[in-house]
Amino acid sequence: MISLANPTRFLSLVERLVPWLAGATLILLGIGLYLAFFVAPPDYQQGETVRIMFVHVPAAWLAMFGYALIALSALGTLIWRHPLADVAAKAAAPIGATFTFIALVTGSLWGKPMWGTYWVWDARLTSMLVLFLLYLGLIALWQAIEEPGRAGRAAAILALVGAVNLPIIKFSVDWWNTLHQPASVLRTGGPTIDPSLLTPLFVMAIAFALLFVLLHLIAMRAEILRRRVRALQQTQVAHAALAEA
Amino acid sequence: MKAALALLRRDIMLAWREGGAIGVALGFYLVVVAIMPLGLGPDLNLLSRIAPGVLWVALLLAALLAADRIFHNDYEDGALDVLMTGPLPLPLVAATKSLAHWLTTGVPLALLAPVLGLLLNLPLAASPWLVLAMLAGTPAVSFIAAIGASLTLGLRRSGLLLALLVLPLYVPVLIFGVATVSAAVTGPASPWPPFLMLCALSLASIVLAPFAAALALRTALR
Amino acid sequence: MPDLGPHAIFILAAYGVAFVALAALAFAIVEDDRKQRRLLDDLERKGIRRRSAEKKPRTRRS
Numbered sequence: 001m002i003s004l005a006n007p008t009r010f011l012s013l014v015e016r017l018v019p020w021l022a023g024a025t026l027i028l029l030g031i032g033l034y035l036a037f038f039v040a041p042p043d044y045q046q047g048e049t050v051r052i053m054f055v056h057v058p059a060a061w062l063a064m065f066g067y068a069l070i071a072l073s074a075l076g077t078l079i080w081r082h083p084l085a086d087v088a089a090k091a092a093a094p095i096g097a098t099f100t101f102i103a104l105v106t107g108s109l110w111g112k113p114m115w116g117t118y119w120v121w122d123a124r125l126t127s128m129l130v131l132f133l134l135y136l137g138l139i140a141l142w143q144a145i146e147e148p149g150r151a152g153r154a155a156a157i158l159a160l161v162g163a164v165n166l167p168i169i170k171f172s173v174d175w176w177n178t179l180h181q182p183a184s185v186l187r188t189g190g191p192t193i194d195p196s197l198l199t200p201l202f203v204m205a206i207a208f209a210l211l212f213v214l215l216h217l218i219a220m221r222a223e224i225l226r227r228r229v230r231a232l233q234q235t236q237v238a239h240a241a242l243a244e245a
Numbered sequence: 001m002k003a004a005l006a007l008l009r010r011d012i013m014l015a016w017r018e019g020g021a022i023g024v025a026l027g028f029y030l031v032v033v034a035i036m037p038l039g040l041g042p043d044l045n046l047l048s049r050i051a052p053g054v055l056w057v058a059l060l061l062a063a064l065l066a067a068d069r070i071f072h073n074d075y076e077d078g079a080l081d082v083l084m085t086g087p088l089p090l091p092l093v094a095a096t097k098s099l100a101h102w103l104t105t106g107v108p109l110a111l112l113a114p115v116l117g118l119l120l121n122l123p124l125a126a127s128p129w130l131v132l133a134m135l136a137g138t139p140a141v142s143f144i145a146a147i148g149a150s151l152t153l154g155l156r157r158s159g160l161l162l163a164l165l166v167l168p169l170y171v172p173v174l175i176f177g178v179a180t181v182s183a184a185v186t187g188p189a190s191p192w193p194p195f196l197m198l199c200a201l202s203l204a205s206i207v208l209a210p211f212a213a214a215l216a217l218r219t220a221l222r
Numbered sequence: 001m002p003d004l005g006p007h008a009i010f011i012l013a014a015y016g017v018a019f020v021a022l023a024a025l026a027f028a029i030v031e032d033d034r035k036q037r038r039l040l041d042d043l044e045r046k047g048i049r050r051r052s053a054e055k056k057p058r059t060r061r062s
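Protein chains in written order, with my numbering: chain C, 1 to 245; chain S, 1 to 222; chain V, 1 to 62.
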């Protein structure tokens, strides 16, 4: 982690990793999709729609992983002042938000055939919606503050405040749900997932994780370059001002 | 301590003299609650069922309206820089200003709520619990709003951005606040469990939020 | 493609949305990356260098 603090060294690492990651991602996605559609048996309760689980659950996992990554990076920014920590956080936010969005939409599409409605305010979907809002807030804050240093620290504070609040929000939504939900429990996927369904699930999860890392590294590189461009443009303006003076 | 009290008194006086700020928040509260039935229909049964929710949501929005006032005026005229280098630790400054916001916005809104509840057919007998719940929950609202205010200090469209950032954090307050009032209105469940959760949320916010706000202030003013 | 049952459209829609969202994200990120590299190369061509680049020659990325 410390040796990667040097942006230039980090960039050369990214350069080397990207092709391998891209290849591995594509291969695993291919295997995962094949398993999801041709190998996994239909669920005896849900029939074929259980296949949506193979995209919904990994997306949800990565949505949460993304936020955990941002929260950890936030600690890196605020406590250890690691130079790439806020770059990591900023790059991760849109990716995490996209996975959250996918989790929400696929969850909704799974819900319609299963429960007859596109949206239910059950604890899991509601918490995922709140997570999406937290992501949007982070992205909005990044956009609103021009100076990268201040933006990084402000977003780090917000990320940590959100991280501390997430368990509380989850708890309150759970509680709220038991208040309003009659005894019938809506289980997505049954009490235990059959082993024949686990393999496609894990393969898709790993594929999504590799995709996350791949896109994250590229986005981090773009952000590092963006800051260099910004610095150089400011030098350019300064030189021009001097030349005119 | 004396310095903190002086700061508190100053902030309250400023808010009072501005007059408009408190009045606008109360007026906004009234307007939002008043147009709800226009949007939902005059069925009194429906209204009384959703009254706790409407009253709480409208309160959150009204409190947020006044939130960027917490630091903004002092930021604009440089007083915040003075406060930062002054004798008071910055978290205490943030806490004092949050407290001022609660006293000048949260408390008046909470006291107005039963009157607005009448518009929504909320039984008058529920008023004590309504006011109690709101008095217990609005400290959390003010102290968390201060975090949003300090993060968005000096930014364009800071009001909307603040609301976007802070509203998800209000979910627990909203849930337990509404549950308290609903339990008081419809029974048989006791309003005490959600009420105590509300108190816990406020106490935790009072203790923790000022540190986050202070950190954000330092970030904004560096 | 095996028979996806009566709710096939939901399954396909779910995978479709996921694919489109991820493709759009990937496209946006890669385009941004390319754009920053282009801007950096432009600035360098104009002779504006980073301080550290003046000390040693920078290896050109293709």
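Calculated from the structure, these hints are not laboratory results.
Hints may be right or wrong, so weigh each one.
Claimed, not checked - A short list of chain C residues far from chain S (calculated; beta carbon distances all over 10 Å):
1) W61
2) V105
3) A154
4) V161
Said to hold, decoys possible - Some but not every residue of chain S turned toward chain C, in silico, with C-beta under 10 Å:
5) R9
6) G39
7) G41
8) L155
9) L167
10) I175
11) L203
12) A204
13) V207
The beta carbon of each residue, even a glycine, is placed where N, CA and C say it ideally should be.
Each hint tested on the structure:
At roughly 21 Å, the least C-beta separation between W61 of chain C and chain S is larger than 10 Å, which holds for a residue marked as non-interface. With a least CB separation of 19 Å from chain S, V105 of chain C remains clear of the 10 Å interface cut-off, as annotated. Against chain S, the non-interface label of A154 of chain C is violated: not every CB pair exceeds 10 Å, the least being about 5 Å. Separation of V161 of chain C from chain S is inadequate, the least Cβ-Cβ distance of about 5 Å not exceeding the 10 Å criterion.
Residue-level restraint check for R9 of chain S is violated (minimum Cβ-Cβ distance to chain C is 29 Å; threshold 10 Å). Here the hint on G39 of chain S is broken, as its CB sits about 20 Å from the closest CB of chain C, past 10 Å. Hint on G41 of chain S is violated. Least Cβ distance to chain C is approximately 22 Å, over the 10 Å limit. With a least beta-carbon distance of about 5 Å to chain C, the hint placing L155 of chain S at the interface is held under the 10 Å criterion.
With a cut of 10 Å, the hint placing L167 of chain S at the interface with chain C holds, because the nearest CB-to-CB distance is about 7 Å. Contact between I175 of chain S and chain C, as hinted, is supported at the beta carbon level, the nearest pair being about 4 Å apart and thus within 10 Å. Taken as an interface hint, L203 of chain S does not check out: its beta carbon lies about 13 Å from the nearest beta carbon of chain C, beyond 10 Å. With 10 Å as the threshold, the beta carbon of A204 of chain S comes within range of chain C, its nearest partner Cβ sitting at about 8 Å, so the hint holds.
Because the closest C-beta pair between V207 of chain S and chain C is about 12 Å apart, greater than 10 Å, the hint is violated.
Violated hints for the displayed structure, listed by number in ascending order: 3, 4, 5, 6, 7, 11, 13.
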